[in-house]
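Visitor: The chain contents come next:
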Amino acid sequence: MFLTMKVAFRNISRQKKRSFLLAGAIAFGMLVITLMNALTGGVVGTIRDNFSHALGGHVFITGQEWTDAGQMIMKIRPDENLDRLLEENAAQIEAFTRRSQAMPTMIFGSKQTMQMLYGVDFTEEDKLLDSLVVTQGRLADVLVEENAVILPQPVGERLGVQVGETILIRLETLTGQQNVGELKVVAFIEDQEELGLSAAFTSRSYLNTLLGMDQHEYQILNMFVTDLSLVDSFARIFREGLRTPDEGEEEAEPQVAVMVAGVPLDPLAEAEEITPWEGTRYRVMHINQIMEAVELVVGVLNRVGLVIFLILLVVTMVGITNTFRMMMIERTKEIGTMRAFGMHQKQVKNIFLWEATFLGLLGCVGGLVLAGVISLIVGNITFDADPSLQFFLNQGQVVFDVSMASVIGNTAIVVLISLLAAYWPARAAARMSPMKALSSHT
Amino acid sequence: MKNMMSVVVALVLCVLVTGLPAQAQDFSHIEAILERLDAQSRFDNTDFSSVLTMVVEDVEKGIEKMVVRQFRRDDGERFLLLIQEPVTEKGQGYLLEGDNLWFYDPSSRQFAHTSLKENFQDSDARNADFGSNSYSSSYEVEGYLEGTLGNFEVYIIDLKAVDDTVPFPFVKLWVTKDSDLVLRTEEYSLTYRLMRTGLFPKYTKVGDVVMPVQMVFIDELVPGNKTQISVSEISVSDIPDHVFTKAYIERVNR
Numbered sequence: 013m014f015l016t017m018k019v020a021f022r023n024i025s026r027q028k029k030r031s032f033l034l035a036g037a038i039a040f041g042m043l044v045i046t047l048m049n050a051l052t053g054g055v056v057g058t059i060r061d062n063f064s065h066a067l068g069g070h071v072f073i074t075g076q077e078w079t080d081a082g083q084m085i086m087k088i089r090p091d092e093n094l095d096r097l098l099e100e101n102a103a104q105i106e107a108f109t110r111r112s113q114a115m116p117t118m119i120f121g122s123k124q125t126m127q128m129l130y131g132v133d134f135t136e137e138d139k140l141l142d143s144l145v146v147t148q149g150r151l152a153d154v155l156v157e158e159n160a161v162i163l164p165q166p167v168g169e170r171l172g173v174q175v176g177e178t179i180l181i182r183l184e185t186l187t188g189q190q191n192v193g194e195l196k197v198v199a200f201i202e203d204q205e206e207l208g209l210s211a212a213f214t215s216r217s218y219l220n221t222l223l224g225m226d227q228h229e230y231q232i233l234n235m236f237v238t239d240l241s242l243v244d245s246f247a248r249i250f251r252e253g254l255r256t257p258d259e260g261e262e263e264a265e266p267q268v269a270v271m272v273a274g275v276p277l278d279p280l281a282e283a284e285e286i287t288p289w290e291g292t293r294y295r296v297m298h299i300n301q302i303m304e305a306v307e308l309v310v311g312v313l314n315r316v317g318l319v320i321f322l323i324l325l326v327v328t329m330v331g332i333t334n335t336f337r338m339m340m341i342e343r344t345k346e347i348g349t350m351r352a353f354g355m356h357q358k359q360v361k362n363i364f365l366w367e368a369t370f371l372g373l374l375g376c377v378g379g380l381v382l383a384g385v386i387s388l389i390v391g392n393i394t395f396d397a398d399p400s401l402q403f404f405l406n407q408g409q410v411v412f413d414v415s416m417a418s419v420i421g422n423t424a425i426v427v428l429i430s431l432l433a434a435y436w437p438a439r440a441a442a443r444m445s446p447m448k449a450l451s452s453h454t
Numbered sequence: 004m005k006n007m008m009s010v011v012v013a014l015v016l017c018v019l020v021t022g023l024p025a026q027a028q029d030f031s032h033i034e035a036i037l038e039r040l041d042a043q044s045r046f047d048n049t050d051f052s053s054v055l056t057m058v059v060e061d062v063e064k065g066i067e068k069m070v071v072r073q074f075r076r077d078d079g080e081r082f083l084l085l086i087q088e089p090v091t092e093k094g095q096g097y098l099l100e101g102d103n104l105w106f107y108d109p110s111s112r113q114f115a116h117t118s119l120k121e122n123f124q125d126s127d128a129r130n131a132d133f134g135s136n137s138y139s140s141s142y143e144v145e146g147y148l149e150g151t152l153g154n155f156e157v158y159i160i161d162l163k164a165v166d167d168t169v170p171f172p173f174v175k176l177w178v179t180k181d182s183d184l185v186l187r188t189e190e191y192s193l194t195y196r197l198m199r200t201g202l203f204p205k206y207t208k209v210g211d212v213v214m215p216v217q218m219v220f221i222d223e224l225v226p227g228n229k230t231q232i233s234v235s236e237i238s239v240s241d242i243p244d245h246v247f248t249k250a251y252i253e254r255v256n257r
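Top to bottom, those sequences are chains S and E. In this text, residue positions in the first sequence follow our numbering: the first is 13, and each later residue adds one. In this text, residue positions in the second sequence follow our numbering: the first is 4, and each later residue adds one.
The following block holds chain S by itself, in its conformation from the complex (with noise of 0.2 Å):
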C-alpha cells in the first residue's frame, strides 16, 4: 500500500501545473462551503448572544393570575417554590435579572411615540449596563434618579429630547386602568429598532407603581445559564417545578412568538377560552425556542450552500474523469512496464485512486487555509454598519464559527466525489493487457 500512495504522490508531483488546477478547482468549492457554514454558524452564535442581551438571558419565566374581577394579568409575586428552585440550580445560573415591562406612549411637548420600556433593577443588571452603547448621557445617573429612564437614541430623536429633560409616559395598569408617569431622561443608547428590539429602561421599583404593583412583584424572570447545551433541559427542570397540581401532565413546551419589526414570524393559533385559576402559572422558555426560526433560516442557507457545494464538485467531478483518462492514455506504457514487471490490478487501480484521494485531500486543505485566511480578515474588520446590521455583528464585526463536523463531513464528501470520478479509468487502466499496453505507442 506504502508503494502505491508514493507512486501516486510521485504521480502528482510529477505533473504540478496539472494537479494545481485540479486541485484549485477542488479548493474554491471547499473554500465557498466552509466560508458558508462558518458565517451561518457565526450569525447563529451572534445573534444567540445579542437575543439574550435584548432580552435579558437565556431561560424566561412569566407568570399569570386571574384578579377578582376575572382579567387575567401578567405578574410573579414574591414565592418560595420559585426561590427555591433558582437556589438549587445556583450552579448552573451564570446571572438572573427580574424585570416588568410596559409599552407605554412617551410624550414630549406635542410629540409621542409608543416604546418598549423595561422595568429593571439596575443594581443588579451588570451584563445589561455592559451591553448597552451610549451615544449621550451617562448610565450611572440611574441609580441617583428614580425616576431615570435610558431611551434608545432614534426615540430620543422623534420625541426632539435632550439629555436631562423630563418626559411623560401614558401606559395602563396591569387591569387596564389610565396612568401617567414622568421620566427623567439620563442616557441615549444604539439600538436594533428595526428588529422589533427596541427597548428603553428604567427602574423596575417606578414601573410597578405605574402598572400598579407592589415594589416585590415582577413580570419576567430572565436568567443567564452557564451552559447554553443545557438550557432544554435546564428550562425543563423549572417548567416542572413550578407546574401547580391541577395543571396536569406537561404539555408540549409552550409557543413562542418570534416578532421581526412587530411582525411575527410565525403567527400563534388564536387562543382558545381558558378557565380561570386559582394562583400563579408561570409559563418557562428558553432561548432555543426563540431562535428556531433563525435557525431554520440557517439551515436552509446551509442547503443552498450545500447544493452550490455538489455542483460545483460534479463539474470538478467531469473535470477529475477526464484528466484521470487522459493520465491513464499517457501513462499506458508505464501502466504496461508495472504491469510487466508483476504488479497486480489492484495496485495500479489503487494508483490512480490514491492520487484522487491525494487531490481531494490537497484541495480541501488548500479551501480551508483560504477560508481561515479570509475569515481572520473580515472577522477583524469592524463594520460601521446600520442598526439593524449591527445586530448580525459581535462589537461590529463579523464572527465565522465552523463546527469540526462539518468540515470533516465536507472533506468526506470531497474525497469521495474525487474517488468515485477516478474510478473508472482507474479500472480500465488496471484492466488494461500489459502486451497491449507496451506495445502502445502513447
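In case anyone wonders, no lab produced these hints; they're calculated from the structure. Predicted, not measured: the structure shown is a model, and the values here were computed from it. Heads up, the beta-carbon is just placed ideally off N, CA and C, and yes, glycines get one too. It cannot be assumed that every hint is accurate.
Restraint ranges, calculated between C-beta atoms of paired labels, are given here [stated by the list, open to error]:
hint, chain 1, residue 1, chain 2, residue 2, range
1, S, S122, E, G210, 40 to 48 Å
2, E, S110, S, I386, 30 to 38 Å
3, E, N122, S, G82, 22 to 30 Å
4, E, S110, S, G36, 52 to 60 Å
5, E, Q113, S, E92, 40 to 48 Å
6, E, D125, S, K139, 35 to 43 Å
7, E, E145, S, N406, 25 to 33 Å
8, E, D102, S, G391, 35 to 43 Å
9, S, N406, E, V165, 50 to 58 Å
10, S, V145, E, S110, 33 to 41 Å
Using the hints, position chain E against chain S.
Guide: Only chain E this time, still in chain S's reference frame:
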C-alpha cells in the same frame, strides 16, 4: 378662665372633628344625581341610531374628519359603529355584544377583540363614550363642591372608581343643579394627573333620554390634540336584530 377656654376649644374641636366626616359622608343627594345621570343616558325601551361627525385635531397629523353611523340597543348592551368617512377607513366597524367589543377591518376581513377602554381610532374619544353612562355603579363619591360654570350653577363632583375595571380611576363632573346635565368632565390617571377633559355644550331630549349632541374631548397630555363630535340624524326607530351581528358588518362592506 383659661381652663374654661381650653375646654370650650376642645369641645368645639371635638364637634368639628366628629361632625365633619359625618357631613362629608352624606353624599346621598349626589349619588341620586349620578343614578339619574345613568338612567337618563340609557335607551331602555327603544333603539337608537345617529350619525356622528368627528373632527379629530392632531398636532402632528393635522385635522381629519370622520363620519360614523351609530346603532345602539342598550337593552343587551349592544352597539355598532360603522365608519363611513374617510374613504381609507370606510367599512371599519366596532360591534359591542355584551362584554365583548369587536373591531372589523374590511381590508383583512378579520375581527379583532378590542376594549371599551381603548381610544376610538386615532381620536380622543373612547369606545366607551358611545354607550350609556355607569357613574353610579362604577364610581363612589369622594366629595363635591357647589360652583358655577359659565351661567350655570353646578355641582362639581369628585368620583373615585370602586374597582379597577374602569379606565379612569378618578373623575370630576360638572353637573347642572337644575337639570342634571353633565357640562364638563375631567378624567384623571391613577397618579391623579389630568388626562382628558370632556365638554358637553349642547344637549337634546330623545324620548326619556337626554343626550349630548356636541362633545369635545381634549387630550390634556398632548397640547393641541382634541376631538369634536356632533350628533345628527337621530332616530329611535326599531333596528333589526341582524344589524348587531358580525355578519351584518361583513355584508355592508360588500
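Visitor: Indicate, hint by hint, whether the structure satisfies it.
Guide: Against the structure, the hints:
1. S122(S) to G210(E): 40 to 48 Å: holds (42 Å)
2. S110(E) to I386(S): 30 to 38 Å: This hint is violated: roughly 48 Å between Cβ atoms.
3. N122(E) to G82(S): 22 to 30 Å: holds (23 Å)
4. S110(E) to G36(S): 52 to 60 Å: The hint (52 to 60 Å, Cβ to Cβ) holds, given that S110(E) and G36(S) are roughly 56 Å apart.
5. Q113(E) to E92(S): 40 to 48 Å: holds (44 Å)
6. D125(E) to K139(S): 35 to 43 Å: Holds - the Cβ-Cβ distance for D125(E) and K139(S), about 39 Å, lies within 35 to 43 Å.
7. E145(E) to N406(S): 25 to 33 Å: violated (57 Å)
8. D102(E) to G391(S): 35 to 43 Å: violated (58 Å)
9. N406(S) to V165(E): 50 to 58 Å: Given about 54 Å between the Cβ atoms, the range holds.
10. V145(S) to S110(E): 33 to 41 Å: Since the Cβ atoms of V145(S) and S110(E) sit about 39 Å apart, the hinted range of 33 to 41 Å holds.
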